[in-house]
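Participant: One-letter residues, chain by chain:
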Amino acid sequence: MSARAMPTLADRAAVAGRVLLAVFGGYAVAALATALLALILPGPRAEAVSAGTLASFAIMAGAVIWVFAARTLGRAAVVLGLTALLLIGALWLAGAFAHGAGA
Amino acid sequence: MAWLHTWSGLVVGWVLFAIFVTGTASYYRTDISHWMRPELSATALDPAAAATRAGAFLRRTMPDAAGWSIKLPSAETPAVEVYWWPHLDGPFHRALLDPATGEPARVRDTRGGDFLYRFHFELSLPPIWGRWIVSACAMVLLIALISGIVTHRRIFADFFTFRRDRSAQRGWLDAHNVVGVLALPFHLMIVYTGLVTLSATLMPWGVKAVYGDDVLRYYAEAGLATPGAAPAGGPGTPLPLGAIVARAAAAGGEVPEVMLVTQPGDAGATVTAYFEEPHGLAHLHPQIAYAADTGTEIARVGEAGAATRTGAVMAGLHEAHFAAAPLRLLFFLCGAMGAAAVASGLVLWTVARAPKGADPAGFGLRLVRFLNLGTIAGLPVGLAAYLLANRLLPDGLEARADWEVRAFFAAWAAAALAASLYPRQRAWALALAVPGCAFLAIPLVDAVLVGQQRFLAFDAAMGAVGVTLGLGSRLAARRKPAAARPATASLSRTVEA
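Protein sequence lines, in the order shown, are assigned to chains A and B.
Note that numbering that gives the first Met the number 0 gives residue 57 to position 58 of the first sequence, counting from 1, and the numbers run on in steps of one.
Note that numbering that gives the first Met the number 0 gives residue 479 to position 480 of the second sequence, counting from 1, and the numbers run on in steps of one.
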């Protein structure tokens with residue numbers, strides 16, 4: 000917080016980008032991970048759903064911290080995007096997109 | 000990470016302060032409700048007869064409802080609280096019935112402690128909006144806590160550091176660290192468990208992935224609810240509710256807390272008896288479902304597994320229903336420290352950016368100062384006004400409960416606006432003196448208008464809040480230089496209930 004120089008427009012855009020990435024990217028990763036955990040965790044399926052849901056907020060918090068800790072916005076975006084893609088792939092393998100999944 | 004902590008904390012700080020204060024007050028929600036309904040006093044009760052009368056009232060009021068809920072009278076709350084709703088997504092109507100007559104109780108119209116409780120997670124906005132906003136603030140707080148911990152490499156040493164007289168900024172930083180770190184386990188627990196209590200709204204994707212839209216099935220399989228019954232079509236001939244209460248009391252070993260009637264106008268109507276949570280941390284109510292027409296048992300709630308039970312324990316920790324008086328007081332103090340951590344953080348932001356010498360304060364700084372005064376000193380004025388309005392508004396006033404809520408917001412807004420007009424040097428002293436006087440007025444007004452012995456403790460607590468705010472005001476007045484030391488200690492008590 001010391002020696003505050005006037006931030007440039009690029010700095011501001013980078014911060015805004017991180018905020019947006021943290022909010023939407025963080026939530027998306029958490030939602031995908033929760034759905035995946037609910038489908039693949041062992042034990043009764045209701046238990047898997049409960050466990051996945053409980054973990055979801057920690058996952059989101061971790062993703063958000065990562066977005067702000069990454070060296071550049073681009074790096075944060077790429078890693079988060081890849082994670083989301085992997086999760087989508089795993090969900091597809093777990094059959095989440097087959098119509099009428101589960102129930 | 001320091002800037003993340005600073006700015007994320009600032010952006011949601013004012014809402015968080017209100018969430019902490021009203022949530023902390025909600026630990027004493029039933030006490031507040033009792034105080035606000037002085038007409039109700041404990042009497043000998045027959046819960047079964049009261050349930051039958053309440054059922055008759057509801058059948059007259061909305062026979063084709065999607066559901067009714069009847070909270071049976073107890074020694075603690077001697078009235079019957081009923082809700083009814085035409086659809087699962089509301090609107091939810093509510094009435095307080097006299098258990099002896101089954102008619103609306105002759106008691107002043109008020110929302111009692113429930114207003115503060117709901118404000119805590121809905122902010123008096125449409126529920127969905129309120130919950131998402133509160134949850135977003137909670138997530139930001141979680142991030143601020145994590146980044147705050149990362150910021151502190153010397154967290155243990157900070158524990159014992161309070162450089163009160165070094166400089167204003169040091170003092171505020173240390174105050175922020177002390178209340179933040181001292182209750183850190185509580186802060187982390189309360190924010191995470193708070194998110195978990197709203198997880199059905201926030202994070203439905205696990206349920207969606209496995210159960211599709213059949214949420215009720217998840218609840219049934221997880222051991223959170225009894226399975227629902229399909230409507231039979233056509234009207235039924237239900238037993239009097241009292242008969243089912245008697246059966247449930249025999250089967251469950253105690254009088255149930257709440258009776259929930261699903262599809263009361265249908266032949267397939269079910270009545271679910273909810274029992275008090277058994278001793279322990281988990282927020283899991285035993286339930287037995289009965290057919291409304293024959294009174295035969297349909298289902299019992301299953302045993303919750305480890306993960307579901309963990310979630311229930313989290314909800315239980317958040318609400319602290321399990322806590323007896325001493326532990327509840329500890330929770331209350333921790334909540335107050337949460338409010339103080341938020342407040343001291345907000346003030347610290349302005350102190351750290353105070354212009355040197357005669358430089359004018361920029362717009363941002365003035366805005367934050369205004370919001371700080373308006374929230375930290377304004378909200379207690381609103382709380383005091385809410386309680387005072389309960390005593391002062393005439394009983395017969397149309398929509399009286401709404402007027403109490405209006406008094407809360409009007410007083411808060413007026414206090415905030417007034418605070419913006421105070422001279423800067425004396426702003427905090429004045430802004431804290433106003434709620435201090437308002438809280439001191441509560442026991443006096445209560446003594447004159449109601450004057451019941453059982454409210455002595457509550458009135459004393461209100462007086463204590465008033466005195467604490469007054470002390471804070473004096474402390475702020477004494478520190479003239481930077482005018483930057485309105486006692487944090489006082490903030491930690493502004494919330495008393």
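These are calculated hints, taken from the structure and not from any lab test.
Ideal Cβ placement from N, Cα and C applies to all residues, glycine included.
Certain hints may be false.
As the list claims (entries may be wrong) - Just a few of them, taken from the derived set where beta-carbon distance is under 8 Å, the chain B residues facing chain A:
| # | residue |
| --- | --- |
| 1 | 138 |
| 2 | 142 |
| 3 | 145 |
| 4 | 194 |
| 5 | 204 |
| 6 | 205 |
| 7 | 209 |
| 8 | 217 |
| 9 | 304 |
| 10 | 320 |
| 11 | 446 |
| 12 | 450 |
| 13 | 473 |
Participant: Go through the numbered hints given earlier and state which of them the structure violates, listing their numbers in rising order.
Facilitator: Violated hints: 10, 11, 12 and 13; rest satisfied.
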